[in-house]
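Chains A and B are the protein sequences, given in the same order. Heads up, the first sequence is in our numbering, so the first residue is 1 and it goes up one at a time. Heads up, the second sequence is in our numbering, so the first residue is 1001 and it goes up one at a time.
Simulated from the structure, these hints should not be mistaken for lab results. Computed from a predicted model, the values in this text were never measured in an experiment. From the three backbone atoms N, C-alpha and C, an ideal C-beta is built for every residue, glycine too. Any given hint could be a false lead.
[To be verified] What follows is a set of in silico ranges between Cβ atoms, one per label pair, in the way DEER data are often shown: (1) A430/A x E1172/B: 39 to 47 Å; (2) P1189/B x W196/A: 26 to 34 Å; (3) L274/A x H1168/B: 42 to 50 Å.
[To be verified] Reference listing, derived: stretches of chain A covered by chain B, where coverage requires no fewer than 3 residues with Cβ under 8 Å from a Cβ of chain B: (4) 271-279; (5) 344-357; (6) 581-592.
The lines below spell out each chain.
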Amino acid sequence: MTPPAVRRTFGQVNPSVHSLIDPGNPSCRLLAVGVLSIFSAAGMAAFELGFSVDDIEGEGWRADGIAISLSEVAVDHYAVAITVANLVLPDSHGTLEGLRLECPDVSRDGSAWLCEHGRLKLQASPIEPQDATWQGSYVDDGHLQITIPRLALAQGTVALELNADDGVWSARLQPHRTTIARLAALSGQLALPSDWGIEGRASGLVKLGGGPAGLESVDADLVFDQLAYASPDGTQAAEKVVIKTELRGRVRKALWRFDATLAWPSGAAYAEPLFIDASDGPVTLSLSGSWSPQQVRLQLDGGSLELAGTAAVSATGLFQGPGLAPKDLTIALHSDDAGRLYGRLLQPFLIGTPADDMQVAGHVGLVLHFDEQGLDQAGLEIKDLALEDRQGRFALDDTDGSIGWDRSKVVPVSRLAIAGASIYRIPTGAFDVRVHFAADRIDLVEPVVVPVLGGSIALDRFALSGALIAGARPKWEASASLRDVSLEQLTRTLEWPPFNGSLSAQLRELNYVEGLFSVGGGLEFSAFGGRIEVSGLSIQDPLGTVPVLKADAIMRGLELEALTETFAFGRIEGRLDADMRSIQLVGWQPDRFDLHLYTPQNDDSRHRISQRAVENLTELGSGVPAGLSATVLRVFDEFRYDRIDLRILLQGSVADLDGLARPDGGYYLVKGSGLPRIDVIGRNRSVAWKDLVERLQQIQVEGAQIK
Amino acid sequence: MLNRIIGLPLMVLALTACVTINIYFPAAAAEEAARTIVRDVLKSEPQEQAPPARPDDKQSYTPQGHPLAIAFGVMMEALVAPAQAAQADININTAAISAIRASMQKRQSRLAPFYRSGVIGFDNKGSVTIRDLNAAALGERNQVKKLVADENADRAKLYSEIARANGHPEWEAEVRGTFAKVWVQEALPGYWLQDASGGWRQR
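Construct the entire structure; sequences and hints are all you get.
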């Protein structure tokens, strides 16, 4: 360190001591002390001594306008005053202006020097202007004690007490309502964002202890209150937060051992996407462990985070190296209120996904282990877990079980016992799931049989991949079989017109990739005395706002009697085949299809259409009777027909219609037979879809002919 | 006979002419359709008096039922006298569009307070943007984020569905641009709007 340099000095000593010190002589302070000692030793009854220095400069600091005065006010009682006009502090800590340190009565008591009523004044300083009292003592054996009861600091106050004895020292600081932003600025170490409008105060007690080697112990009990901030983009904010901290730290052989607790009893904070309001349950964090600054190594022996009423988290681990990356970290979470866990901690991360609006209940336990490569083991225990999509798309009833996962090795089978589930209001019975979780895959150990609508779905194979690795796109594939699923229950559940029959199908190659669910095989089921086959089924974005379903279907040998009874249009007898290609439902509503309904070739069944069917259809359409009852036709309950044939090509909003061609340009929808004969003839080839359905109320019978 | 006299030359013309048809984006019709939808959504705000819907606004039909039921209904409907197909220049009468409109209408009353407080606004790209999250209470911020995410998902789907329903998926950008303009034009008093240069103003 470069010794201080005195550029220009002059002194004035009374009586008759005059000293001129050469510019650049670094020994000026020694000379002054030497003069004081001489007079003290001489035991003069009274004296007055003073000298001044224009400026003095060291490495990084500089003082000017220095004046020191010393006078004996009584035997062994002295008055001392030191003034410095400007003192530029090192390391850019600012400038002290108008410094005056004085003690009107420094007394000698045995081997001790005492000052009971010292004063410290600063006209300006980086901290605050100061006008404080102080008290101090110095014993010849080297024990120094200084107390400043009240120093202005960061718009609050701080009380200081310093003790030093032969290299061992301790300090006691009691900040009171000091503003955090100002403290951070003064520290020069803690860079807080300048545009966050950070407010808040710190109060409490900090005790520091040390020796010649430096700091050795820290005990801090601090309360931060009225804490508030808001980042300009609104993603980070806090209001009226109170934080209580306790920190105990001891160093031994360059290793700090620490215990710390942080309690957050009131106030709210938002750190996108998490919102924590302590009024929902206070937050408490405690940490204990050791810290080696030399090795950049943090050993966490015990960590716990308690979100009252929501979850408790504990952790142990080792962090080392730049950025304190985890080398070995275990985190365990337990919650007896999965609903609050979801609402407070999970849902915010799920916004924009189908899982962001659920009602959740139950108990959850989770253990995660991280190594240098990241997450390598996970275990989940759930009990009575139930979740329900508030939009009614899916639900899971009480579920118990455990799930284990390991990044690189086989782990025990995971088991889930599910009391029931539903998807789009279709409920299931209870079922069990046994799966293997490994790496980024989930595989079934055994088929899962799900009771549903009087029958069952057996999930023979299921493999999920990409769901457990960040950044990977999840996809799953499966195969399943449907057995004896009741169409009557299904249609009633979906509030459709009731079908009779049951549904059995082999669903091969079920896939879900990038939002597209597809079925490689086909569904085949029986309904209305006939057979229906659905193939090419796929659903894009099945849980989105507008799912898009595509499929093809063929229907063979449907009994029109059952069909028409179902729809209450009046009885029509006969069989019906249908080819339905390129079905597209958008938002579960028809958007496109190519439908051909027709009487099968060689159908030898009885072909009849009842007058009631005609009347109902007519009344449904026009709101008035068809008029058959006013004609001679009223005497007939039913009419024979030869064929039914109808083609509908729906494309967006327009449906193109066709049937059996007629020479006059129209087409038969129902070609009559026998006597009396009714031909139902269509003439319009193109109909607006919305009108088509609306005009079910405008049905007319055309071409009623009696031959 | 008269038809044949007139029709024959037309048929000859049709058979011999080589006609190139360019399909241009029907800007005026699209704007009209957008205005219908936007007004319909904005009037879902209960406290606010939205501009009255136009007399010809009858485009809110939602067909119900599953394919079999509808197919059967269609068959019955076909008993009918010819109905004139109504093919508008821009069709907004599909099931998907109706579903999206219903979803947006349902959400509007929850969005409205945040439009007025300046938390969110209509941006110049036909979406809703968070413009001042600090204007929302801390506990409301995730709610705002969810509302905006859901609304923008619906709007994006709406624009693509309109383009698709009209047989021109490539019109999506034009549809979005049209809506961007109309949302701003139809915004209710107090709403915040983004101009072309990215600046915000309050109506």
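>> Run through the hints listed earlier and report the numbers of any the structure violates, in increasing order.
In response: Violated hints: none at all, because every hint is consistent with the structure.
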